[in-house]
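A.B. asks: Below, each chain spelled out in residue letters.
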Amino acid sequence: MTRLTARQYGRRSTAAMVVYVSVMLLVWPQVRSATDLPAKVLLALVPVLPMLYVVWLMARRILGSDELEQRTHLIGLGAATGVSAVFSLICGFLGAARVFELDSIAMLLLWVFPLQMFSYGTVRWWAARRYGSDAGCSDEGGLPAYLRFLIAGTLLALTALWGWSHAMDSTGLGLLAGMAATLLLFALIFGVRRWRRRGEPRAES
Amino acid sequence: MNNSLRALRAQRDWSQGDLAERLDVSRQTINAIETGKYDPSLPLAFRIARLFRQPIESIFEPGKD
Chain E
4 MTRLTARQYG RRSTAAMVVY VSVMLLVWPQ VRSATDLPAK VLLALVPVLP
54 MLYVVWLMAR RILGSDELEQ RTHLIGLGAA TGVSAVFSLI CGFLGAARVF
104 ELDSIAMLLL WVFPLQMFSY GTVRWWAARR YGSDAGCSDE GGLPAYLRFL
154 IAGTLLALTA LWGWSHAMDS TGLGLLAGMA ATLLLFALIF GVRRWRRRGE
204 PRAES
Chain F
6 MNNSLRALRA QRDWSQGDLA ERLDVSRQTI NAIETGKYDP SLPLAFRIAR
56 LFRQPIESIF EPGKD
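Chains E and F, in that order, are what the protein sequence lines are. Position 25, counted from 1, in the first sequence is what this note's numbering calls 28; the numbers after and before it change by one each time, with no gaps. Position 39, counted from 1, in the second sequence is what this note's numbering calls 44; the numbers after and before it change by one each time, with no gaps.
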């Protein structure tokens, strides 16, 4: 399988995330007003399509990786599976005990995939660092990591502002604002890290 | 495991990127092998030995453990 470069992977997954956010903003709010069951199911599952594309991209990237990269992917995926399984188990028990309403359980389940991706990315980055590389957080994908986080965070913050001015529901608004704040925090962390390392010699290429 | 990959690469005036391309692995993998942070699999070790036209044991030698 042809190797997917970090730049190609970054571009394609960013495009998928833009589609996902657009669908969540423009299509998904109409789910509750849809009366026809097939239409409701169809509208509810539209956001899954860009996510399936992201999963396919990840699978392609992992299959095209070399042996060390596959090892770091495996460490990341193993840890992410454990984290999301424990999170699902906790939510399941709390839901079964009627601690949460049904709506809250559904919202928590929506967080399983992002949590899994976040755990995977973080642990893989940590594992790659142990082998002397920076994995997905290096600057080899073109833009520096802090700038990528800054752009994504700013876009989400602007989308949240747009949603706020168009009377978006508080859950969606909270979700967007939370994601924007997290990404901007990452931009700050990576920016400071880059600034502190500005005097160090660069790795051999 | 210790190895003489960096010296062999330097003899040919190859960068880590050049060697990575020849072995069809990432530059990070070459860096990890050279710094002793990662021991390559047997197939990759054979590819390295074939590329440098040397027996595996002259490139890789067991460490203390």
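Think of the hints as simulated: they come from the structure by calculation, not from any bench. The beta-carbon is built from N, C-alpha and C at its ideal position, and this holds for glycine as well. Heads up, a few of these hints could be off.
Partner residues aside, some chain F positions facing chain E, computed with beta carbon under 10 Å [said to hold, decoys possible]:
1. A25
2. R27
3. D29
4. Q33
5. T40
6. P45
7. F57
8. P60
A.B. asks: Please go over all the hints and tell whether each is borne out by the structure.
C.D. replies: Against the structure, the hints come out as follows:
Annotation: A25 (chain F) was flagged as interfacial toward chain E, and the flag holds, the nearest CB pair being 9 Å apart, inside 10 Å. At its closest, the beta carbon of R27 (chain F) sits 13 Å from a beta carbon of chain E; the interface hint therefore is violated under the 10 Å criterion. For the restraint placing D29 (chain F) at the interface with chain E, the shortest Cβ-Cβ distance is roughly 7 Å, inside the 10 Å limit, so the hint holds. Given hint, Q33 (chain F) at the interface with chain E, holds; its Cβ is 3 Å from that chain's nearest Cβ, closer than 10 Å.
The beta carbon of T40 (chain F) is positioned within 10 Å of a beta carbon in chain E (closest approach about 6 Å), and the interface hint is therefore held. A hinted interface residue such as P45 (chain F) counts as satisfied when its beta carbon comes closer than 10 Å to some beta carbon of chain E; here the least separation is about 7 Å, so the hint holds. A least Cβ separation of about 18 Å between F57 (chain F) and chain E goes past the 10 Å threshold, and the interface hint is therefore violated. The interface hint given for P60 (chain F) is violated, since its Cβ lies 21 Å from the closest Cβ of chain E, which is over the 10 Å cut-off.
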